[in-house]
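**Q** Residue strings, one per chain:
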Amino acid sequence: MITVKFFSLVREALGVQQLDLQLTHEGMTVMAVKEYLVSMHGEHWREVLFQPNVVHALNHRVVDVTTSVEEGAELAFFPPMTGG
Amino acid sequence: MITVKFFSLVREALGVQQLDLQLTHEGMTVMAVKEYLVSMHGEHWREVLFQPNVVHALNHRVVDVTTSVEEGAELAFFPPMTGG
Amino acid sequence: MQRVLVQSKTFDVETEYRRLVGEFPGAAVVTFAGYVRDHCDNGNVMALELEHYPGMTESVLEVLGQQAEARFGLHAWRIVHRFGTLSRSDPIVWVGVVAEHRTEAFQGCQFIMDTLKTDAPFWKREHLDDGSACWVASQCQDEQRRAQWYQPQEEK
Amino acid sequence: MQRVLVQSKTFDVETEYRRLVGEFPGAAVVTFAGYVRDHCDNGNVMALELEHYPGMTESVLEVLGQQAEARFGLHAWRIVHRFGTLSRSDPIVWVGVVAEHRTEAFQGCQFIMDTLKTDAPFWKREHLDDGSACWVASQCQDEQRRAQWYQPQEEK
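Chains as they are written, first to last, in my numbering: chain A, 850 to 933; chain B, 850 to 933; chain C, 1245 to 1400; chain D, 1245 to 1400.
Calculated directly from the structure, the hints in this document are not laboratory data.
Ideal Cβ placement from N, Cα and C applies to all residues, glycine included.
Careful: at least some of the hints might be erroneous.
[Claimed, not checked] These stretches of chain D come out as covered by chain C in the derived footprint (C-beta under 8 Å, 3 or more residues):
(1) 1256-1263
(2) 1266-1278
(3) 1346-1355
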């Protein structure tokens, strides 16, 4: 089981803030998780999660889509940050 | 008549803080004033006033030695500044 | 003392300054404070909403402060950032650094601000006086400023 | 309000900050504060003596502030500099600027500090714990930092 979080425009576009997800196999990459989420929730999710500027954070660190997601991880999707 | 001021190491080396000086002719340059001061006070003044890093300020602005000194001006000599 | 504060309540720039420098300040102190603007490209701003990612925010800011400390030899540093709904003229962010010389202090503070803009998970939404609200878009120039700090040839 | 203060009595960084930003701060505020060091290359510093050229000092600082205002579009700026005998950890100089964006604020503040170092008629003398005192020599790198601001190709 992993926790998936969504922020800002991504959160609004999906209408979801957070969900739990059972990984389907060991060594699933961030990309595989995205495909899995699309397969569960429909094509609208593809439009949002596959936007080129979406940022992926795994356990509070920005990662690219080839990173493996371990059991118990926290994975987050959000648009470019605008702090400061 | 002009006012001549000395600061920091220049003041200490000459033992003078300020003096009044009667210009000898119109259009005297800073260089001419320096030579005139040396002629009045002796060669020790040459060593101090002609050190290459001495800064010349005329009426509160840094100038070079070719600048003309007008009647009533305030002329100052000092080492490089070390503020801040 | 905690060097990173992420909080919804407002903060006092003068108090933060005292916490940074303590009783015996170092030689050079540079601070940056960012406040809510009263206007933007789309109109007059009534309020600024700041969404953040709790946990990741604190950890990113701590890492950025530590990087600045190591890279510029900072004696001390402090980062305060708000989230939630802010009013016009409210302070949003405050960064203060202490160093031995002024150049390191300026660089350390600017490094933290330039990297914080693009790396700390905050998202701004501006509420305008016509009732509309829109997310602030990330700016290309912010990415460029961040990138400058990571170019090996850069000697700023 | 007067934007340049040259005084022998100490000053309070927090009060100067309030005077700079007022009730409605601009978007970006950068400040620099320099304090008396407790050590130098020659030993432990007990006191710092600052000689200055009354009249010229104020006029140079006013010009530098105005140059920074014009060049970086500052909304406000303020320079405070002490002269006379200062103790360890006393504030020597404080520069604060307000701008629309952070980069201009950082540049404006750093421009004032870099030019003030070489252009404002102050001379420092350090009094050490062994009873000796010596004038602080001007540094070549200070001249270089100043020169960077006047290179036409420079886009800092």
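**Q** Does each hint fit the structure? Answer for all of them.
**A** The hints, checked one at a time:
1. Beta-carbon proximity to chain C at under 8 Å applies to 4 residues in the region 1256-1263 of chain D; the threshold of 3 is reached and the given coverage holds.
2. Against chain C, the region 1266-1278 of chain D contributes 12 residues with a C-beta closer than 8 Å to a partner C-beta. That satisfies the three-residue criterion, and the hint holds.
3. Counting residues of the region 1346-1355 of chain D whose CB lies closer than 8 Å to any CB of chain C gives 6, so the stated coverage by that chain holds, three being the minimum.
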